[in-house]
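2 protein chains.
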Amino acid sequence: MASSQEDVTLLGAIGSPFVCRVKIAFKLKGVEYKYVEENLANKSEQLLKYNPVHKKVPVIVHNDKPLAESLVIVEYIDETWKNNPILPSDPYQRALARFWSKFIDDKVVGASWSAVSTIDEKEREKNVKETFEALQFLENELKDKKFFGGEEVGLVDIAAVYIAFWIPMFQEIRGLDLFTSEKFPKLYNWSQEFLNHPIVKENLPPREPVFAFFKGLFESIFASK
Amino acid sequence: MASSQEDVTLLGAIGSPFVCRVKIAFKLKGVEYKYVEENLANKSEQLLKYNPVHKKVPVIVHNDKPLAESLVIVEYIDETWKNNPILPSDPYQRALARFWSKFIDDKVVGASWSAVSTIDEKEREKNVKETFEALQFLENELKDKKFFGGEEVGLVDIAAVYIAFWIPMFQEIRGLDLFTSEKFPKLYNWSQEFLNHPIVKENLPPREPVFAFFKGLFESIFASK
Numbered sequence: 010m011a012s013s014q015e016d017v018t019l020l021g022a023i024g025s026p027f028v029c030r031v032k033i034a035f036k037l038k039g040v041e042y043k044y045v046e047e048n049l050a051n052k053s054e055q056l057l058k059y060n061p062v063h064k065k066v067p068v069i070v071h072n073d074k075p076l077a078e079s080l081v082i083v084e085y086i087d088e089t090w091k092n093n094p095i096l097p098s099d100p101y102q103r104a105l106a107r108f109w110s111k112f113i114d115d116k117v118v119g120a121s122w123s124a125v126s127t128i129d130e131k132e133r134e135k136n137v138k139e140t141f142e143a144l145q146f147l148e149n150e151l152k153d154k155k156f157f158g159g160e161e162v163g164l165v166d167i168a169a170v171y172i173a174f175w176i177p178m179f180q181e182i183r184g185l186d187l188f189t190s191e192k193f194p195k196l197y198n199w200s201q202e203f204l205n206h207p208i209v210k211e212n213l214p215p216r217e218p219v220f221a222f223f224k225g226l227f228e229s230i231f232a233s234k
Numbered sequence: 010m011a012s013s014q015e016d017v018t019l020l021g022a023i024g025s026p027f028v029c030r031v032k033i034a035f036k037l038k039g040v041e042y043k044y045v046e047e048n049l050a051n052k053s054e055q056l057l058k059y060n061p062v063h064k065k066v067p068v069i070v071h072n073d074k075p076l077a078e079s080l081v082i083v084e085y086i087d088e089t090w091k092n093n094p095i096l097p098s099d100p101y102q103r104a105l106a107r108f109w110s111k112f113i114d115d116k117v118v119g120a121s122w123s124a125v126s127t128i129d130e131k132e133r134e135k136n137v138k139e140t141f142e143a144l145q146f147l148e149n150e151l152k153d154k155k156f157f158g159g160e161e162v163g164l165v166d167i168a169a170v171y172i173a174f175w176i177p178m179f180q181e182i183r184g185l186d187l188f189t190s191e192k193f194p195k196l197y198n199w200s201q202e203f204l205n206h207p208i209v210k211e212n213l214p215p216r217e218p219v220f221a222f223f224k225g226l227f228e229s230i231f232a233s234k
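Note that the protein sequences, when read in sequence, are chains A and B.
Note that this note's numbering has the first sequence beginning at 10, numbered continuously upward.
Note that this note's numbering has the second sequence beginning at 10, numbered continuously upward.
Treat each hint with caution, since some may be false.
Copies of one chain are not kept apart here, so a pair can be met inside one copy or by any two copies together.
Said to hold, decoys possible - Subject to a maximum C-alpha distance of 25 Å in a straight line, what follows is the list of computed DSS-like cross-link-like pairs (lysine-lysine):
| # | residue 1 | residue 2 |
| --- | --- | --- |
| 1 | Lys65 | Lys135 |
| 2 | Lys195 | Lys38 |
| 3 | Lys138 | Lys64 |
| 4 | Lys58 | Lys138 |
| 5 | Lys116 | Lys74 |
| 6 | Lys38 | Lys135 |
| 7 | Lys65 | Lys111 |
For the record, the hints were derived by calculation from the structure and aren't laboratory data.
The following block holds chain A by itself, in its conformation from the complex:
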């Protein structure tokens, strides 16, 4: 648990999968923090001051020290509060956790977001194919483990909250099949197990307003088609 001397703030936005990663990590560690919702259409002075490089959420400020980039923050949380480890202790297993969480950001997030948001049909087909390929690697990697981290939620699970919560919402809004139980049975089972984990569950955003937000966003994108 964070001692009373610690001052921890999270600048976030309700619909962001990257902010959700940080919330889950804090909760796994039992760290209390002050949450500040940012209006990304009108960014605060605080956000611009603490993340002048990317001007994005999440940002944490721990005893006046700011830090950005969700996976960097999750590792920082793991190294600062030692209880309930998020990364394995073995250097090779740690490296694999970093490899696969980076893989999710590099190969799943971009391709799946483009698949649901591009107005170009050929581009969409290409991105759907790339999403399938990337998810297949994760399906294979999961093997018969409960979580990517084994018996406990770890770095790759936290990174993959985007796959468990956001992709199903996007595909429902857009009427596309990206991540289904038929195509990725192990990954689908993992997603159900993960979303029902008590700490994950209480740190997911409320589905309805986030769904409505993205529905509106996609409608505005496709209205211009």
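Got chain A; can you put chain B on it based on the hints?
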């Protein structure tokens, strides 16, 4: 030093800045390894087996355990061989090192490579501007330190070998100004200090064949303009 029981192989390619990062990290630790030059136009069975996800170099194989992604490899090396630390021991400083090395991959490598390789003039202007903005952040971050890591070469320095060695070569071939001592005096001084560090120096590729390779590559790209 690696013990004689350790079996370490690096699959690389002579002109790759990402492979060069791993070579520097191994040398800083005094790890002996077997180097295998890959022909990227005709990838080996070994490369496809050990890095089925990205099919790229560098890949290391340590006692039969394969690992890809240069920054993940460098952290693995740092955690496996504890002498001559590459990352700081303080969690916040470690996080900043990860933040800035990721920044180099996300904001410098892509923009500067596009700046020298795109045939579209508007695209080039945009990428030159983005490269300038990214390098300015690093210029500011360097402050009056000898290396990004302080008195010793660290993770960010190793990541930035691309800036010290590759960008000057690219801009000379293409006749563009991307990274000059006038515009980025601190970063330029850093690059000279870094390139002359004995361990860095002996692990850079020979400039002439790499220069010739990229000159030929750019000529083939621009011949089609």
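Hint by hint, here is what the structure shows:
1. Lys65 <-> Lys135: For Lys65 and Lys135, the Cα distance is within 25 Å only across copies (21 Å; inside one copy 28 Å).
2. Lys195 <-> Lys38: Neither. Shortest intra-copy (27 Å) and inter-copy (40 Å) distances fail the 25 Å Cα cut-off.
3. Lys138 <-> Lys64: between (31 Å within a copy, 18 Å between copies)
4. Lys58 <-> Lys138: between (39 Å within a copy, 22 Å between copies)
5. Lys116 <-> Lys74: Answer is between; shortest inter-copy Cα gap is 23 Å, intra-copy 31 Å.
6. Lys38 <-> Lys135: neither (40 Å within a copy, 43 Å between copies)
7. Lys65 <-> Lys111: both (18 Å within a copy, 15 Å between copies)
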